[in-house]
Amino acid sequence: SQKIEQNSEALNIQEGKTATLTCNYTNYSPAYLQWYRQDPGRGPVFLLLIRENEKEKRKERLKVTFDTTLKQSLFHITASQPADSATYLCALDMLTPKGRRALTFGSGTRLQVQP
Amino acid sequence: GAVVSQHPSRVICKSGTSVKIECRSLDFQATTMFWYRQFPKQSLMLMATSNEGSKATYEQGVEKDKFLINHASLTLSTLTVTSAHPEDSSFYICSAFRRTGGITEAFFGQGTRLTVV
Numbered sequence: 464s465q466k467i468e469q470n471s472e473a474l475n476i477q478e479g480k481t482a483t484l485t486c487n488y489t490n491y492s493p494a495y496l497q498w499y500r501q502d503p504g505r506g507p508v509f510l511l512l513i514r515e516n517e518k519e520k521r522k523e524r525l526k527v528t529f530d531t532t533l534k535q536s537l538f539h540i541t542a543s544q545p546a547d548s549a550t551y552l553c554a555l556d557m558l559t560p561k562g563r564r565a566l567t568f569g570s571g572t573r574l575q576v577q578p
Numbered sequence: 474g475a476v477v478s479q480h481p482s483r484v485i486c487k488s489g490t491s492v493k494i495e496c497r498s499l500d501f502q503a504t505t506m507f508w509y510r511q512f513p514k515q516s517l518m519l520m521a522t523s524n525e526g527s528k529a530t531y532e533q534g535v536e537k538d539k540f541l542i543n544h545a546s547l548t549l550s551t552l553t554v555t556s557a558h559p560e561d562s563s564f565y566i567c568s569a570f571r572r573t574g575g576i577t578e579a580f581f582g583q584g585t586r587l588t589v590v
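For the protein sequence lines, the chains are A and B, in the order given. Read the first sequence against our numbering and you will find it ends at 578, with the numbers running on by one and no gaps. Read the second sequence against our numbering and you will find it ends at 590, with the numbers running on by one and no gaps.
Straight-line Cα separation of at most 27 Å, DSSO-like style, residue types lysine-lysine; simulated pairs:
# : chain 1 : residue 1 : chain 2 : residue 2
1 : B       : Lys528    : A       : Lys561
2 : A       : Lys520    : A       : Lys466
3 : B       : Lys528    : B       : Lys539
4 : A       : Lys561    : B       : Lys537
5 : B       : Lys514    : B       : Lys537
6 : B       : Lys537    : A       : Lys466
7 : A       : Lys526    : B       : Lys514
Worth flagging that the hints you see were computed from the coordinates, not collected in a lab.
All chains should be built: construct the whole structure from the sequences, respecting the hints.
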């Protein structure tokens with residue numbers, strides 16, 4: 464079955480360092496992959512999308528890589544700030560078990576940036 | 474970006490009562506909306522796909538008679554939790570998707586925290 468896996472353990476880093484989060488997927492060849500940020504008690508907010516033919520995408524302090532051979536995406540936040548503390552979710556447009564196309568999310572990785 | 478509005482943001486209800494949650498796409502027409510549920514420290518789990526003018530499609534393990542979905546217009550979908558029980562307490566989030574050039578953009582509501590006492 465198709466799966467999306469993210470490290471469920473929280474990532475704690477010092478302010479100013481680079482945070483790196485991982486998203487792995489199996490049994491699927493996505494045309495693109497998305498990253499979202501979710502704050503407690505709020506809905507996810509779209510951050511970045513990377514297509515299968517793109518190795519890397521940048522937006523301000525964010526960088527996403529996409530390795531379709533490894534079936535992995537890495538999400539980097541450089542010069543991290545306490546305000547970056549949140550849960551980060553990767554998502555793929557996949558078929559659900561019922562055969563519907565919908566965004567399927569990884570479990571998310573909680574990032575905590577210490578001042 | 475597009476805005477999806479979800480209401481209410483929080484609701485507390487007594488066991489056995491029903492609760493309705495509204496999801497509106499404010500600046501685009503959404504023929505399809507999605508309802509997710511999220512338990513603490515877990516990912517969003519797709520509950521059902523809401524189709525304008527037709528029946529919703531429910532994912533495995535989601536009772537259609539318990540979670541009634543109505544998508545009467547291109548901008549409004551509602552989820553009604555009927556005969557709520559404490560185990561239904563969760564964070565419910567709706568989403569409207571917009572497909573452009575083969576890419577799916579997802580816009581989420583603010584979420585509804587349901588507590589059944």
